[in-house]
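Asker: If you follow the hints, you should be able to join the two separate chains into one complex; please do so.
Protein chains in written order, with the working numbering: chain W, 1 to 73; chain B, 1 to 148.
Calculated directly from the structure, the hints in this document are not laboratory data.
Here the structure is a predicted model, which is why all the values come from computation and not from measurement.
We treat Cβ as the ideally placed atom computed from N, Cα and C, and that holds for glycine.
Do not take every clue at face value.
Heads up, incomplete: computed chain B residues facing chain W, CB under 7 Å, no partners named [to be verified]:
| id | residue |
| --- | --- |
| 1 | F12 |
| 2 | H16 |
| 3 | Y54 |
Between beta-carbon pairs, the in silico distance windows are [as the list claims (entries may be wrong)]:
| id | chain 1 | residue 1 | chain 2 | residue 2 | range |
| --- | --- | --- | --- | --- | --- |
| 4 | W | E54 | B | D61 | 29 to 39 Å |
| 5 | B | R22 | W | H49 | 41 to 51 Å |
| 6 | W | Q55 | B | E3 | 34 to 44 Å |
| 7 | W | E20 | B | A34 | 48 to 58 Å |
| 8 | B | E45 | W | T52 | 14 to 24 Å |
| 9 | W | R19 | B | K5 | 37 to 47 Å |
| 10 | W | N42 | B | E3 | 38 to 48 Å |
| 11 | B | F33 | W | V26 | 24 to 34 Å |
Counterexamples of contact, computed for chain B against chain W with all Cβ distances above 12 Å [as the list claims (entries may be wrong)]:
| id | residue |
| --- | --- |
| 12 | D8 |
| 13 | G58 |
| 14 | T83 |
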Amino acid sequence: MNMLFFQSEETLHEWLASREAERGAVLSIPQLWELSQRWYHNRMALEYHGRTVEQVQEIFKELGLTSAFWQAM
Amino acid sequence: MDENKLWDIRAFVYQHFADMARPPLVDEIASQFALTHEEAASAYEELHQRHALYLRPGTHDILMANPFSGVETPFRVRANGKTYFANCAWDSLGIPATLHADAEIGAACAQSGDPIRLSVTDQQVQNSDALVHFLIPFREWYNDLTFT
Chain W
1 MNMLFFQSEE
11 TLHEWLASRE
21 AERGAVLSIP
31 QLWELSQRWY
41 HNRMALEYHG
51 RTVEQVQEIF
61 KELGLTSAFW
71 QAM
Chain B
1 MDENKLWDIR
11 AFVYQHFADM
21 ARPPLVDEIA
31 SQFALTHEEA
41 ASAYEELHQR
51 HALYLRPGTH
61 DILMANPFSG
71 VETPFRVRAN
81 GKTYFANCAW
91 DSLGIPATLH
101 ADAEIGAACA
111 QSGDPIRLSV
121 TDQQVQNSDA
131 LVHFLIPFRE
141 WYNDLTFT
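Isolated chain B (complex conformation) (with noise of 0.2 Å):
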């Protein structure tokens, strides 16, 4: 496929979720950019290889496209009128920093499950006593995506 397409088709992806607040399945891509099925699964394949988006193994449906995830998660994020699911602690500020917009984000304290609450509003976080841990080092960071 041409390069510049298959950018677009990510761009494209990333603005539907931002719209949507879901990633667009394959048929939407092949309506969208007048392409066959086979051929917009095909870009969701090449784009999965590129680690631009990720795959639910086996399938074309988009599983993660950072910070976006399109499955429910523990970490639920309200902007602009929706509520997205981040893939973790991390992303769950991504998702205001990826659409320059407030948020309220609700998590759990990963050992008491007690409520962990952050609040991002015109790009300053409130500050929290909560704290992040990043237990996989950069390096190994690309081997199983999923779990990092």
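Chain W with its partners taken away, still in its complex shape (with noise of 0.2 Å):
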């Protein structure tokens, strides 16, 4: 599990020290809510079925995350 809350960027630091873990890609909590909609608004329908990574990399695209962590390849 790790797509975590962190209360600041100080506890973030913290956090990826003491795991020695390299920092992945921060959102903000609006970022987050974006991206949350675009991904979950159609998620009780019937007619959902998945989504191709063609599709996903779409919705990251119009979202802005562009940035290699985001990419498919």
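Answerer: Here's what the structure looks like:
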């Protein structure tokens, strides 16, 4: 489980240092909400059968998530 | 199994989560869709294979149907008069997005343990100084879903 909340950049830094982990991607709460809406708005629909990698990439692109972290390859 | 019935079962699982804040058991699927226990279990396995939901290893119990968790987690979401559990920070906002409902989210800073409370009203999130960190890059998300 590693999509986690942090109260500040400082606590994130401490968490990464304690695990000798590299920083991944950081989103603000408004950014995460935008992603959540785009990702989940139709999840209850009978017609929702999942997404292709290309469709996921399109969502990330629309939200400005274009760094290598968000790329499929 | 017929494709349409399989997706009907997927939709039923999600509606059941929304209504009851827990996933349906295999026998509830069997009863709802006039299937044998084995047929219903097979449908869950097929949906698991297609990443439409995730079973607890070695069982036919639903562990996750994102954004919903079938087990208690540190990501608690209060919406529509019910308490749901989300799989991760992202999914905690995913629940009000899925339900199109107002929500109060209770979680904690992964480092300090201090409470983090978020609020969604009329499909707007109240701003917060909290951050969300994604450790694993997208290309690796499906290697080990319970970790991601």
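Asker: Does each hint fit the structure? Answer for all of them.
Answerer: Structure-based check of all given hints:
no.: 1; hint: F12; verdict: violated, 10 Å
no.: 2; hint: H16; verdict: violated, 11 Å
no.: 3; hint: Y54; verdict: violated, 13 Å
no.: 4; hint: E54(W) x D61(B): 29 to 39 Å; verdict: holds, 32 Å
no.: 5; hint: R22(B) x H49(W): 41 to 51 Å; verdict: violated, 23 Å
no.: 6; hint: Q55(W) x E3(B): 34 to 44 Å; verdict: violated, 20 Å
no.: 7; hint: E20(W) x A34(B): 48 to 58 Å; verdict: holds, 54 Å
no.: 8; hint: E45(B) x T52(W): 14 to 24 Å; verdict: holds, 22 Å
no.: 9; hint: R19(W) x K5(B): 37 to 47 Å; verdict: holds, 45 Å
no.: 10; hint: N42(W) x E3(B): 38 to 48 Å; verdict: violated, 19 Å
no.: 11; hint: F33(B) x V26(W): 24 to 34 Å; verdict: violated, 43 Å
no.: 12; hint: D8; verdict: violated, 7 Å
no.: 13; hint: G58; verdict: holds, 20 Å
no.: 14; hint: T83; verdict: holds, 18 Å
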